[in-house]
Amino acid sequence: MLVEARDVAKKYPGKWALDGVTFSADQGKVLGVLGENGAGKSTLFRIISGITRPTRGTVAIAGMPVSLETRKIVAYLPDINPFYEWMRVMEQMEFLASFYPEWDMNKTSELLAFLDVSPNDRIGELSRGQQAKLKMVYAFSWPSRLVLMDEPLGGIDPPTRKKVISTLFHEFRYGEQGIFICTHLVSEVEEFIEDVLYMKKGKIVLSDQADLLREKKGKSLTGIFEEIAEGRMRDEG
Amino acid sequence: MTLIIDPNRPIYLQIMEEIKKRAVRGHYPPGSQLPSVREMAQEMGVNPNTIARVYTELEREGFVFTRRGQGSYITDNARRIEREREILTEAAVKRFVEEISALDLQNSHRQELIEMITKNLTHKENKS
Numbered sequence: 001m002l003v004e005a006r007d008v009a010k011k012y013p014g015k016w017a018l019d020g021v022t023f024s025a026d027q028g029k030v031l032g033v034l035g036e037n038g039a040g041k042s043t044l045f046r047i048i049s050g051i052t053r054p055t056r057g058t059v060a061i062a063g064m065p066v067s068l069e070t071r072k073i074v075a076y077l078p079d080i081n082p083f084y085e086w087m088r089v090m091e092q093m094e095f096l097a098s099f100y101p102e103w104d105m106n107k108t109s110e111l112l113a114f115l116d117v118s119p120n121d122r123i124g125e126l127s128r129g130q131q132a133k134l135k136m137v138y139a140f141s142w143p144s145r146l147v148l149m150d151e152p153l154g155g156i157d158p159p160t161r162k163k164v165i166s167t168l169f170h171e172f173r174y175g176e177q178g179i180f181i182c183t184h185l186v187s188e189v190e191e192f193i194e195d196v197l198y199m200k201k202g203k204i205v206l207s208d209q210a211d212l213l214r215e216k217k218g219k220s221l222t223g224i225f226e227e228i229a230e231g232r233m234r235d236e237g
Numbered sequence: 238m239t240l241i242i243d244p245n246r247p248i249y250l251q252i253m254e255e256i257k258k259r260a261v262r263g264h265y266p267p268g269s270q271l272p273s274v275r276e277m278a279q280e281m282g283v284n285p286n287t288i289a290r291v292y293t294e295l296e297r298e299g300f301v302f303t304r305r306g307q308g309s310y311i312t313d314n315a316r317r318i319e320r321e322r323e324i325l326t327e328a329a330v331k332r333f334v335e336e337i338s339a340l341d342l343q344n345s346h347r348q349e350l351i352e353m354i355t356k357n358l359t360h361k362e363n364k365s
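Top line first, the protein sequences correspond to chains A and B. Numbering follows our numbering, in which position 9 of the first sequence is assigned residue number 9; successive positions increment by one, without gaps. Numbers given in our numbering equal positions in the second sequence, counted from 1, plus 237.
Heads up, a few of these hints could be off.
To be verified - Using 20 angstroms as the maximum straight-line C-alpha spacing, the simulated EDC-like pairs for lysine to aspartate or glutamate come out as follows: (1) Lys-331/B to Glu-319/B; (2) Lys-217/A to Asp-243/B; (3) Lys-163/A to Glu-276/B; (4) Lys-216/A to Glu-227/A; (5) Lys-163/A to Glu-280/B; (6) Lys-29/A to Glu-276/B; (7) Lys-29/A to Glu-151/A.
These aren't lab readings, by the way, just hints derived from the structure by calculation.
This is chain B alone, in the form it adopts within the complex:
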């Protein structure tokens, strides 16, 4: 899956989110080594200097650590990754609520909405 970059938002932030999502999904397990700056740049289709910045920022956030001369690794703290899942989920819910608010749903629609979400989630789970 290639990342589609929105040129209206800072690119390094989008890459940071993508790496966090991959870690949350288990694509990058706790303690696993991340691709080199060059490889990641080619994979994401961005400048290697941007990736270098992303790794530095992720390290500052404690999500990634660096072994001197060996590269960057995802934190081996599973709880830290779990916390990121919560943060990402909350952000996604906020976006969803933002969008749904534009439809001016009444309180009476709320139950319907929750059912719809549950149905969609089940459908998605069955497919994957």
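The following block holds chain A by itself, in its conformation from the complex:
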């Protein structure tokens, strides 16, 4: 088991952002975490990454409770720009490489070239699309066991999106790496997601294999997302 979350809850002043989430994910799976704004997806990712502590509940990654140890095997790509604005692209990558013994600098250069990001550009001057690409370079320059992608396609134009998705398809370490991806642009990653967790108001409302859900409902993941958002779904989960 790669990830095991038990009764995970997080309270922010006046509000439960997560309200008792339990799930597990096998080694090497691609899990889509889908839900509207405020469903608790980002909070869940922050807890799995070790940046935020849950108010209640536990998360284990590869059998270890979330800690500095698990941070060494998890690549977390937040919604916002996680890099130092004053650094140049290559400086930032070298800085990150110093934390991960298995970081492959050749891979970094290869990915930067493929994604058309200049190593000498200052991070603060990169467009949102370029920053999104840089997150992919970080994700796939080293062999993490788990990649957490929070809205990897948010706010970027369709051609850039295409490039980011194609990187995802090419670089995903099949059999060795798990990916959790949360996005509103479900249709862009339909073919990539294997298992799906639908969240609403801090809870999991439906979880299953993507193809099984398609079979049961005769609908795409996007269609099911809309159904859940509109509250037309009952007695399932």
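We have chain A; now place chain B onto it with these hints.
Coordinates of chain B only, in the frame set by chain A:
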């Protein structure tokens, strides 16, 4: 030719059908090696884990066999492939009939319909 995937149907089933069609067309001859899971995933634009599942399912159906450490191969049983052609044809005819039924054709139109099919098939054959 890239496969256009319908997100409303299970993806692994669509890939299985595509591989069977390719074998029936002779694109993958009997006994030939299939692309690796990774290659096939990139070709089809789907998750490699989905392809791994497809290969397992096809093996269970006896359409594909695996040589340990060497990969997956299309069955060398030509009759098995021929049977798949029949199955696929029957499914296509069913879909066609389903669609044509919505037009409420009378018995008198039947001959016309058959002629139309024959004409279209000949046209297609001449083109390819």
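- Message: Run the distance test for Lys-331/B versus Glu-319/B: straight-line Cα separation, threshold 20 angstroms.
- Response: holds, 19 angstroms
- Query: CA of Lys-163/A to CA of Glu-280/B, is that 20 angstroms or under?
  - Reply: Answer holds: Lys-163/A to Glu-280/B is near 16 angstroms, not above 20 angstroms.
- Does Lys-29/A pair with Glu-151/A here, judged by a C-alpha cut-off of 20 angstroms? With Cα atoms ~18 angstroms apart, Lys-29/A and Glu-151/A stay inside 20 angstroms; holds.
- Message: Check whether the Cα positions of Lys-29/A and Glu-276/B lie no farther apart than 20 angstroms.
- Response: holds, 18 angstroms
- Within a Cα-Cα threshold of 20 angstroms, do Lys-217/A and Asp-243/B meet the stated pairing? Status holds; Cα separation ~14 angstroms.
- Message: Check whether the Cα positions of Lys-163/A and Glu-276/B lie no farther apart than 20 angstroms.
- Response: Holds, at about 18 angstroms.
- Message: Hint check: Lys-216/A vs Glu-227/A, CA-CA at most 20 angstroms. Holds or violated?
- Response: Satisfied, since the Cα-Cα distance of roughly 14 angstroms is no more than 20 angstroms.
In summary, the structure agrees with every hint in the numbered list given earlier.
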